[in-house]
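J.: Sequence:
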Amino acid sequence: MRLIRVGFSKQAEACYISHLDLQRVIQRALKIAQVPVWYTQGFNPHIYLTFALPLSLGQSSVCESFDYKCEEDAFDPEQVKAGLNLALPRGIEVYRVQPAVMDPNQIEYARYQIEIEGSSEQILKQLASFCALPEAVVYKKTKKGEPKPLNLLSFVREWQPVATERGVQLNLVLPAGNRLNINPELLCEFLCSHYDMQPQDIQICRVGVYNAQMEDFV
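Whatever position you read off the sequence shown (first residue = 1), add 1477 for the numbering used here.
Hint data in this document are derived by calculation from the structure and do not stem from the laboratory.
Here a beta-carbon is modelled for each residue, glycine too, at the ideal position from N, C-alpha and C.
Accuracy of the hints is not assured; some may be wrong.
Said to hold, decoys possible - Simulated crosslink set (DSBU-like; lysine-lysine; CA at most 35 Å straight-line):
no.	residue 1	residue 2
1	LYS1618	LYS1602
2	LYS1620	LYS1546
3	LYS1508	LYS1558
4	LYS1620	LYS1508
5	LYS1625	LYS1602
6	LYS1558	LYS1602
7	LYS1546	LYS1618
8	LYS1558	LYS1546
9	LYS1617	LYS1602
10	LYS1546	LYS1602
As the list claims (entries may be wrong) - Pairwise CB distance ranges, derived in the manner of DEER restraints:
no.	residue 1	residue 2	range
11	GLU1490	VAL1639	43 to 49 Å
12	ARG1501	GLU1594	50 to 56 Å
13	GLU1635	LYS1602	17 to 23 Å
14	ALA1689	ASP1550	22 to 28 Å
15	GLN1511	PRO1611	57 to 63 Å
16	GLU1490	ASP1544	24 to 30 Å
17	GLN1680	VAL1633	15 to 21 Å
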């Protein structure tokens, strides 16, 4: 048995497909493309399918992945890639198919590009003001649903705002994975509540997923 990792992008209107619906979309695409896959055993057999780092609704990404299993001699990466791209809806596109290398538990960080529309001069000043704060406390829900206070400033690994024609592109790296996952929406919510920013003017795109050594997750 072989574990295959499929890299794909999720953009445009596909950003609003929930994770549960995305699972259904991928399973249907695998069936339509006639990809030879392994089914779980038991009373309700289904395609073995796992996602390394599920994406929040409304966010786009160019570095998503899912894993499936197949027999050793039933793997043709180019055929799988072509078949899936014909079967997947607009906004979801497979860019890589290969045997899985890393364990998803090795994921430690994710890189994001946050597009903020508006006056670049004003936004850059607001972001500089944010960085100068002694702390930026937000509340992240635990698995039990209880709010846990976190200081956002202590978790930002990289921070690089760049002026663009439409506003500012903020490039940053945050913890991600099973051990600790900081959703960039927490940062955006803080900025909107403390500065003159509107949620509809902010777009989040995940552009990289890494292990502890900042190596690409493959």
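J.: Run every hint past the structure and note whether it holds.
T.: These are the hints, each one checked on the structure:
no.: 1; hint: LYS1618 to LYS1602; in the structure: holds, 30 Å
no.: 2; hint: LYS1620 to LYS1546; in the structure: holds, 29 Å
no.: 3; hint: LYS1508 to LYS1558; in the structure: holds, 13 Å
no.: 4; hint: LYS1620 to LYS1508; in the structure: holds, 34 Å
no.: 5; hint: LYS1625 to LYS1602; in the structure: holds, 29 Å
no.: 6; hint: LYS1558 to LYS1602; in the structure: violated, 44 Å
no.: 7; hint: LYS1546 to LYS1618; in the structure: holds, 33 Å
no.: 8; hint: LYS1558 to LYS1546; in the structure: holds, 15 Å
no.: 9; hint: LYS1617 to LYS1602; in the structure: holds, 26 Å
no.: 10; hint: LYS1546 to LYS1602; in the structure: violated, 49 Å
no.: 11; hint: GLU1490 to VAL1639: 43 to 49 Å; in the structure: violated, 27 Å
no.: 12; hint: ARG1501 to GLU1594: 50 to 56 Å; in the structure: violated, 33 Å
no.: 13; hint: GLU1635 to LYS1602: 17 to 23 Å; in the structure: holds, 20 Å
no.: 14; hint: ALA1689 to ASP1550: 22 to 28 Å; in the structure: violated, 35 Å
no.: 15; hint: GLN1511 to PRO1611: 57 to 63 Å; in the structure: holds, 58 Å
no.: 16; hint: GLU1490 to ASP1544: 24 to 30 Å; in the structure: holds, 25 Å
no.: 17; hint: GLN1680 to VAL1633: 15 to 21 Å; in the structure: holds, 19 Å
Hint violations for this structure: numbers 6, 10, 11, 12, 14, all remaining hints satisfied.
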